[in-house]
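S.K.: All chains should be built: construct the whole structure from the sequences, respecting the hints.
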Amino acid sequence: MSDADLRDLYQQVIMDHNKKPRNFREMDNANHLAHGNNPLCGDALVVFVKLNGDVIEDVSFQGSGCAISVASASLMTEALKGKTLEQAEEIYQQVHKQMTGEEADRSALGKLEVLSGVKEFPARVKCATLSWHTMHAAMDSDHDISISTE
Amino acid sequence: MSVLDIAAIRQDFPILDQQINGYPLVYLDNAASSQKPNQVIDAISDYYRKDNANVHRGVHRLSQRATDAYEAARDKVRGFVNAKSDKEIVFVRGATEAINLVAQSFVRPQAQVGDEILISHMEHHANIVPWQMVCEQTGATLKVIPMTQQGELDLTTFDDLLTEKTKILAIGQVSNALGTINPVKEMTAKAHAKGIPVLVDGAQAVPHLAVDVQDLDCDFYVFSGHKMFAPTGIGAMYAKQELLEAMPPWQGGGDMILSVSFDHTQYNELPYKFEAGTPHIAGAIGLGAAIDYMHKLGIENLAAHEHQLLDIATAKLVAMDGIRIIGTAKEKASVLSFMIEGVHPHDVGTIFDQQGVAIRTGHHCAQPVMQFFGIPATARASFAFYNTVEEVDALVAGIKKVQELFA
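Just so you know, the protein sequences line up as chains A and B, in that order.
At the far end of the first sequence sits residue 152, using the numbering used here, and the numbering has no gaps.
At the far end of the second sequence sits residue 389, using the numbering used here, and the numbering has no gaps.
Check before you lean on any hint, since a few could be wrong.
What the hints assert, rightly or not - Here are the simulated DSBU-like pairs of lysine-lysine, each with C-alpha atoms no more than 30 Å apart in a straight line:
1) A:Lys128 x B:Lys382
2) A:Lys21 x B:Lys382
3) B:Lys222 x B:Lys167
4) B:Lys125 x B:Lys176
5) A:Lys22 x A:Lys85
6) B:Lys382 x A:Lys22
7) B:Lys147 x B:Lys167
8) A:Lys128 x B:Lys383
9) A:Lys113 x A:Lys52
10) B:Lys58 x B:Lys32
11) B:Lys383 x A:Lys22
12) B:Lys298 x A:Lys21
13) A:Lys121 x B:Lys383
14) A:Lys128 x A:Lys52
15) B:Lys69 x B:Lys58
16) B:Lys383 x A:Lys113
17) A:Lys21 x B:Lys383
18) B:Lys382 x A:Lys121
Just so you know, the hints here were simulated from the structure itself, not pulled from any lab data.
M.R.: So, in structure tokens, the structure goes:
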């Protein structure tokens, strides 16, 4: 690791999404939601999803966490809005690959590629994946559920 | 600044001499676990190279030497806390195990529905959860001494919290999250005036304060070795002899018995009644070596050097913009918890690590403290006697780097 890795991790896009998270709100008419917790560092967030058929009509989140977890959640909401469940699943898989150091499909990732810096920081991968796991849990369930990453 | 030759002392700690990410390691996570001097590492490896055998058993020479070394370590622990007798020193895995032992073997058998267990708001989870378990098992209630915004115990209601239903007062001597030194001697006297026994959790105190259990007059004093330059997996419990005699054993097995038949087992004498199974012999010997090492340097000298570092670091952080110190008690030891405005402690930890500076970020196993201050976590620097003023400067440089990056 080096200072360059640090700058890769805390890129301008990440810092911007941390300061001004997008879709950072409660959603009254969500039909899927899940709570995500990282007990080790105290990150806690809720992901709200409004599905219309198999299209993600709206997705938002609330909570608190480090820059990496907040930015990752914010970027996720931007990336998933308007996508079908199948497309969302594909993006989820590619994000997971890139964060764990596997070869990922860059065209599917787009802006989400800024999250790739996290793979140099194994202790921080959980921060970046929390919102994604929470979103996944929300999709899989039609009632409020809680997940936890450690 | 110190009567200690810190450069020479650092030579005793081989782990400190390394680079992390191209920077010299600055180890400021001593409250989580301290580093070990060669004297401790050598004592452990010498034991395994020359004396290793089981204790209190064979008549052969190695077993005798292992037993002698193990019991000599017990006597060093006795001297370290100034207990009257070796019978009052029980080796355990650490402070956590000792608190569980007292909870299950001393409090649980006498606690009933409606009884109370009194702790404080600033306890480590190890001094919360074992008592919650006893409460679940017996129907007793957990009571909590409040604290102030400075991170000191608020003792205005203390007298009222000590009631005829209180089965034990269990209190940390030094807070691991805040660094606060609590007035445990005065609190013990007040509890004893009402006939309430007292456990002092010394895990965070023993590396920094000279401990005298007879002066404190507490009934139980527990600590871990690894926070005081000894190995992990070993610690000690001091308990007054008459209490240990009355308590049932906690775990059963070999070594804690005098005789066993299927009809009846006669328990061993103190302290062996509480040491079932083959103990962590090498760990105890390492703990003894750590005590020798601390005595050689002088515990007062170690404390004075650390205190100077804490004062210097505190003054530097107070002078910086955007820093909030969590825990500003008048009496503190070693610990400097802080928040950098607008930055989550987890990000702070990663950026520090990039510069070779090891600090703890998180809730420090004291989530009620975090809830009290309305924060998810803190960044925590904690000092030991081998730290230097230059390392305090590295801490300050780390904070500036974070602020730069998050500007």
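S.K.: Does each hint hold? Answer for all of them.
M.R.: Each hint, compared with the structure:
A C-alpha spacing of about 26 Å is found between Lys128 of chain A and Lys382 of chain B, which places the hinted pair at or below 30 Å, so the restraint holds. Of the pairs offered as hints, the one joining Lys21 of chain A and Lys382 of chain B holds, with about 19 Å between alpha carbons and a cut-off of 30 Å not exceeded. At most 30 Å may separate the alpha-carbon atoms for a hinted pair to count; Lys222 of chain B and Lys167 of chain B meet this at roughly 16 Å. Simply put, Lys125 of chain B and Lys176 of chain B have alpha-carbon atoms about 16 Å apart, close enough for the 30 Å limit, and the pair holds.
For the hint linking Lys22 of chain A to Lys85 of chain A, the alpha-carbon distance of about 23 Å falls within 30 Å, and the restraint holds. For the hint linking Lys382 of chain B to Lys22 of chain A, the alpha-carbon distance of about 23 Å falls within 30 Å, and the restraint holds. Distance check on the hinted pair: Lys147 of chain B and Lys167 of chain B sit about 21 Å apart at the alpha-carbon level, within 30 Å; holds. As the CA atoms of Lys128 of chain A and Lys383 of chain B are separated by approximately 24 Å, the hinted pair is consistent with the 30 Å bound.
For the proposed pair Lys113 of chain A and Lys52 of chain A, the alpha carbon gap of about 23 Å is at most 30 Å, so the pair holds. Among the hinted pairs, Lys58 of chain B with Lys32 of chain B is consistent with the structure: their alpha-carbon atoms are about 21 Å apart, no more than 30 Å. Distance check on the hinted pair: Lys383 of chain B and Lys22 of chain A sit about 22 Å apart at the alpha-carbon level, within 30 Å; holds. Between Lys298 of chain B and Lys21 of chain A the CA atoms are separated by roughly 27 Å; this keeps the pair inside 30 Å, and the hint holds.
Between the alpha carbons of Lys121 of chain A and Lys383 of chain B the distance comes to roughly 22 Å, so the proposed pair stays at or under 30 Å and holds. The straight-line distance between the Cα atoms of Lys128 of chain A and Lys52 of chain A is roughly 25 Å, inside the 30 Å bound, and the hint therefore holds. Note on Lys69 of chain B and Lys58 of chain B: the hinted pairing holds, with a Cα-Cα distance of about 13 Å set against a maximum of 30 Å. A hinted pair counts as satisfied when its Cα atoms are at most 30 Å apart, and Lys383 of chain B with Lys113 of chain A qualifies at roughly 27 Å.
Note on Lys21 of chain A and Lys383 of chain B: the hinted pairing holds, with a Cα-Cα distance of about 18 Å set against a maximum of 30 Å. Taken as a hint, the Lys382 of chain B and Lys121 of chain A pair is honoured in the structure, with Cα atoms around 25 Å apart against an allowance of 30 Å.
The earlier numbered hints are all upheld by this structure, with none contradicted.
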